[in-house]
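Enquirer: Given next are the chains, with one letter for each unit.
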Amino acid sequence: MKDFSVLMGGKAGYGIDRSASILGRLLNSCGYRIYIYRDYPSLIRGGHTFSIIRAATVRIAAHRDRVDFLLALNQDTLDLHRTRLSPSALVILDSEAVRDPGLPDGVRAMPLPIGKIVKEEGAQEVMRNACMIGAFANAVGIPIATLEKTLAESFPQDADLNVRIAGRGFEAAGTVSKLAPAAADRLPLLSGSQAVGLGLIKGGLRNYVAYPMTPTTPLLHFLAEEAQNFGLKVIHPESELGVILMAIGFAYAGQKVAVGTSGGGFCLMTEGLSLSGMSEVPVVIVLGQRPGPSTGMPTYSGQADLHFALHAGQGEFVRLVVAPGDLEESYLWSGRALNLAWKYQIPAIVLTDKNLNEGVGNFDLASAGELDDEPPVAWNGGEQGYRRYEDSPTGVSPLAFAPLAGAVVKANSYEHEEYGISTEDPAVTAKMQDKRLRKLKPLAEELKGFRTIGVYGDEEASTALLCWGSNKGVCVESAAALGLKVVQPIVLSPFPDDALRKALAGVDRLIAVENNATGQLARLVAAYGVRVDRMILKYDGRPFALDELEMRLKEALT
Amino acid sequence: MSSSALGTYAPNTWCPGCGNFAILNGMKTVLKDLAEGVCPPENVVIVSGIGCHGKIVDYLDVNSFYAIHGRAIPVAEGIKIARPELKVICFCGDGDAYGEGIEHLIFAAKRNVDITVVVHNNRVYSLTAFQYSPTSPAGFKGRSTPLGSVEAPINPLELLLAGRASFLARGTSRGMTQLTHLFREAVVHRGFALVDVLQVCATYNNLYDYYARKVYDLQDHDPCDRTAALARIREWDYNSDARIALGILYRAEAATFEETFPASPPDGRDRDGRIRAFLDRSA
Numbered sequence: 013m014k015d016f017s018v019l020m021g022g023k024a025g026y027g028i029d030r031s032a033s034i035l036g037r038l039l040n041s042c043g044y045r046i047y048i049y050r051d052y053p054s055l056i057r058g059g060h061t062f063s064i065i066r067a068a069t070v071r072i073a074a075h076r077d078r079v080d081f082l083l084a085l086n087q088d089t090l091d092l093h094r095t096r097l098s099p100s101a102l103v104i105l106d107s108e109a110v111r112d113p114g115l116p117d118g119v120r121a122m123p124l125p126i127g128k129i130v131k132e133e134g135a136q137e138v139m140r141n142a143c144m145i146g147a148f149a150n151a152v153g154i155p156i157a158t159l160e161k162t163l164a165e166s167f168p169q170d171a172d173l174n175v176r177i178a179g180r181g182f183e184a185a186g187t188v189s190k191l192a193p194a195a196a197d198r199l200p201l202l203s204g205s206q207a208v209g210l211g212l213i214k215g216g217l218r219n220y221v222a223y224p225m226t227p228t229t230p231l232l233h234f235l236a237e238e239a240q241n242f243g244l245k246v247i248h249p250e251s252e253l254g255v256i257l258m259a260i261g262f263a264y265a266g267q268k269v270a271v272g273t274s275g276g277g278f279c280l281m282t283e284g285l286s287l288s289g290m291s292e293v294p295v296v297i298v299l300g301q302r303p304g305p306s307t308g309m310p311t312y313s314g315q316a317d318l319h320f321a322l323h324a325g326q327g328e329f330v331r332l333v334v335a336p337g338d339l340e341e342s343y344l345w346s347g348r349a350l351n352l353a354w355k356y357q358i359p360a361i362v363l364t365d366k367n368l369n370e371g372v373g374n375f376d377l378a379s380a381g382e383l384d385d386e387p388p389v390a391w392n393g394g395e396q397g398y399r400r401y402e403d404s405p406t407g408v409s410p411l412a413f414a415p416l417a418g419a420v421v422k423a424n425s426y427e428h429e430e431y432g433i434s435t436e437d438p439a440v441t442a443k444m445q446d447k448r449l450r451k452l453k454p455l456a457e458e459l460k461g462f463r464t465i466g467v468y469g470d471e472e473a474s475t476a477l478l479c480w481g482s483n484k485g486v487c488v489e490s491a492a493a494l495g496l497k498v499v500q501p502i503v504l505s506p507f508p509d510d511a512l513r514k515a516l517a518g519v520d521r522l523i524a525v526e527n528n529a530t531g532q533l534a535r536l537v538a539a540y541g542v543r544v545d546r547m548i549l550k551y552d553g554r555p556f557a558l559d560e561l562e563m564r565l566k567e568a569l570t
Numbered sequence: 033m034s035s036s037a038l039g040t041y042a043p044n045t046w047c048p049g050c051g052n053f054a055i056l057n058g059m060k061t062v063l064k065d066l067a068e069g070v071c072p073p074e075n076v077v078i079v080s081g082i083g084c085h086g087k088i089v090d091y092l093d094v095n096s097f098y099a100i101h102g103r104a105i106p107v108a109e110g111i112k113i114a115r116p117e118l119k120v121i122c123f124c125g126d127g128d129a130y131g132e133g134i135e136h137l138i139f140a141a142k143r144n145v146d147i148t149v150v151v152h153n154n155r156v157y158s159l160t161a162f163q164y165s166p167t168s169p170a171g172f173k174g175r176s177t178p179l180g181s182v183e184a185p186i187n188p189l190e191l192l193l194a195g196r197a198s199f200l201a202r203g204t205s206r207g208m209t210q211l212t213h214l215f216r217e218a219v220v221h222r223g224f225a226l227v228d229v230l231q232v233c234a235t236y237n238n239l240y241d242y243y244a245r246k247v248y249d250l251q252d253h254d255p256c257d258r259t260a261a262l263a264r265i266r267e268w269d270y271n272s273d274a275r276i277a278l279g280i281l282y283r284a285e286a287a288t289f290e291e292t293f294p295a296s297p298p299d300g301r302d303r304d305g306r307i308r309a310f311l312d313r314s315a
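Sequence lines, in order, name chains C and H. Anchor point for the first sequence: position 53 equals 65 in the numbering used here, and the numbering is continuous, going up by one each time. Anchor point for the second sequence: position 276 equals 308 in the numbering used here, and the numbering is continuous, going up by one each time.
For reference, chain C alone in the conformation it holds in the complex:
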């Protein structure tokens, strides 16, 4: 098997998410490359939650709708997903909990008394997961030693019992398929949230401030859990208003800081965003998108906040907006966003979505790109005394931080002169607005040194897909299958229009692929004279599956 998918489902609270991680880890340890899609409703107990674990011999960053293995611990898992079964799929089911499946011809069923085994072992019901994982391992020919090692690593507590129950599942099952040859190296499995967090840490993050909001809550959890390890302060204040203003306080005091939220929380942050622009106090906002308007669907994915991110906040100010498309870009551009925010003293937005934040895949640090904790432009104590908003050819004023004898640091939300005292003088107002906006040019120049537009697939192809963010993975893989080119802007403000035009050389048909209802990137590139011929849009909260996008592309291409 070179490329296959496993679906495991159950009620929320069943441990499905954890089991999916273990299955991913298990297949990863066999040398496969992994991608895990998580689908769960907004509730704590009950409902139906599932994960699709895809394994392949090459790097992947998308899931398929079609599954080859269905692991059913309850009836819903079979009933809700039977249409996904591939013609020769294997369904492993707990015969105690799932009725006679009546599966289509060709689909094999492996009923096992999982509930009974767990009872015999005197274990809790949740340990049916371990039993199922053990059965699956044998079904695909994973050696028992590999299974035991993965389980022991995954359960710091109750390892022995889990290993024993998994072993019973292993014995009860038979082997029906064979593993493909293993890759030589093993790459860690990370979620997008973890990749963003590690990039921020590498870029010099000292503080993370957030109010929980899906899909950026996992970043809060990750950084809070790792705070002691990496020397971070992680704070959860009263609201997103408190979050961004507190973060601005941290940055005024000279410490790199990021905040995280989703659309609704970002609404509350917009006056803080504008304050960051005016006071030139840098803050990085990780904005994980989910479907809106309003509450929308909290635990699902979307890309409908691009123009919101580009235009939020009153007044005119320079901002950096980046939309990483995979784990390596999440790491690199989160760290870069932090460094660039400080270098140019501007707000920066890392625009992600639920699919990116909660999807899990292999992360290759070596190919991610160099990242460091870059110090900002510091005041060197000139004789004229410190002026927080000193005018300069780049618009960037050297920074000083209290307490510093001889420097009075005056930050201001009000229009202000160079020292930081408020002003309403027309000439000073225009001069200071020019000073702040002047930072755009050196920022845009510096960005030209980076790969701001990703180009993939057949570079000679005259048809290209235009995508952004988490659609990168599914577009790159579909394009490879169909002989198309992929153009993926990573930086969205300041917009790299020259690089985009270069990337589109030779393209005479451009198809935008987006998870929104109006084609927001298509509208953005139109402002730079780039015409999109066709849009493939999906806005039901679910990301494109690989087979689904390929089908819609084939329709579009005929």
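One or more hints might be untrue.
[To be verified] Taking CB as the label site, the calculated pair distances span:
| id | chain 1 | residue 1 | chain 2 | residue 2 | range |
| --- | --- | --- | --- | --- | --- |
| 1 | H | R196 | C | P387 | 38 to 44 Å |
| 2 | C | S404 | H | D254 | 53 to 59 Å |
| 3 | C | D384 | H | D249 | 56 to 62 Å |
| 4 | H | A170 | C | H233 | 44 to 50 Å |
| 5 | H | A315 | C | S474 | 39 to 45 Å |
| 6 | C | D170 | H | K142 | 34 to 40 Å |
| 7 | C | K460 | H | T160 | 43 to 49 Å |
| 8 | C | L416 | H | C47 | 33 to 39 Å |
| 9 | H | T292 | C | K131 | 54 to 60 Å |
| 10 | C | A417 | H | L179 | 54 to 60 Å |
| 11 | H | T160 | C | E395 | 55 to 61 Å |
These aren't lab readings, by the way, just hints derived from the structure by calculation. Quick reminder that beta carbons are idealized off the backbone N, C-alpha and C, glycines included.
Knowing the structure of chain C, use the given hints to seat chain H on it.
Expert: Same frame as chain C, now just chain H:
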């Protein structure tokens, strides 16, 4: 250091007779005394919201952050948590701290972050040209409530006592000696301190004569006695005609947010190695 050295070149635009002058001068005296004692001027950061009070940051030549309406307090908290060696003093208006940003006020008190909040409580919105504020009495006829406000005011000190503030005081803009004393006590208090200043707006809500008839200085009051503090705070509800106590109403010893927040190892200690170790664990 002289008080005048603390001033800036910014022309003062407060109205003649404005109670803000008393707050400015009282704070200058405290900062001057601090500079001669325990706290050099570069260790002071002042933060303001938006309203007439906010201009104070332009008039004091110390580190400052002129923040936005209602949101001075979280900025002050961030600065203090980042650099606990700084003395952070936050100036707010009544619309600012008791209205637009009341959530931040309550949470800063709850956390007991070691900052001082001075509320310029003139009980009216002045810079927006005369509307009722959270502490205006019921029936207040401002330009947004021409027939009289139907809301009774909040008693901010009662709210903050319930909200676990560890220092609560009240002064007026006509009692300079007392006000300076209250500022000094608030600034040296370890933990969240609030001074509610009945600061008179000479233009829109001139209560000089009214306060002169009603206020009295606390005598024989033990600010560490919570029950006594509550009784004094409830004596006047910012609405009815009653005696108005001035002085330190409540004071408690409590651990601050900064000292209790889990300390983490200093930044930059082999982050590369730690990232690699994390990745190895995730393989």
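Enquirer: A separate judgement is required for each hint: does it hold in the structure or not?
Expert: Against the structure, the hints:
1. R196/H to P387/C: 38 to 44 Å: holds, 39 Å
2. S404/C to D254/H: 53 to 59 Å: Since S404/C and D254/H have Cβ atoms about 57 Å apart, the given range 53 to 59 Å holds.
3. D384/C to D249/H: 56 to 62 Å: Taking Cβ atoms as reference, D384/C and D249/H lie about 59 Å apart, which means the hint holds.
4. A170/H to H233/C: 44 to 50 Å: Holds: the Cβ-Cβ distance is about 46 Å, inside 44 to 50 Å.
5. A315/H to S474/C: 39 to 45 Å: holds, 41 Å
6. D170/C to K142/H: 34 to 40 Å: holds, 38 Å
7. K460/C to T160/H: 43 to 49 Å: holds, 46 Å
8. L416/C to C47/H: 33 to 39 Å: holds, 35 Å
9. T292/H to K131/C: 54 to 60 Å: Violated: the Cβ-Cβ distance is about 46 Å, outside 54 to 60 Å.
10. A417/C to L179/H: 54 to 60 Å: Holds: the Cβ-Cβ distance is about 56 Å, inside 54 to 60 Å.
11. T160/H to E395/C: 55 to 61 Å: violated, 42 Å
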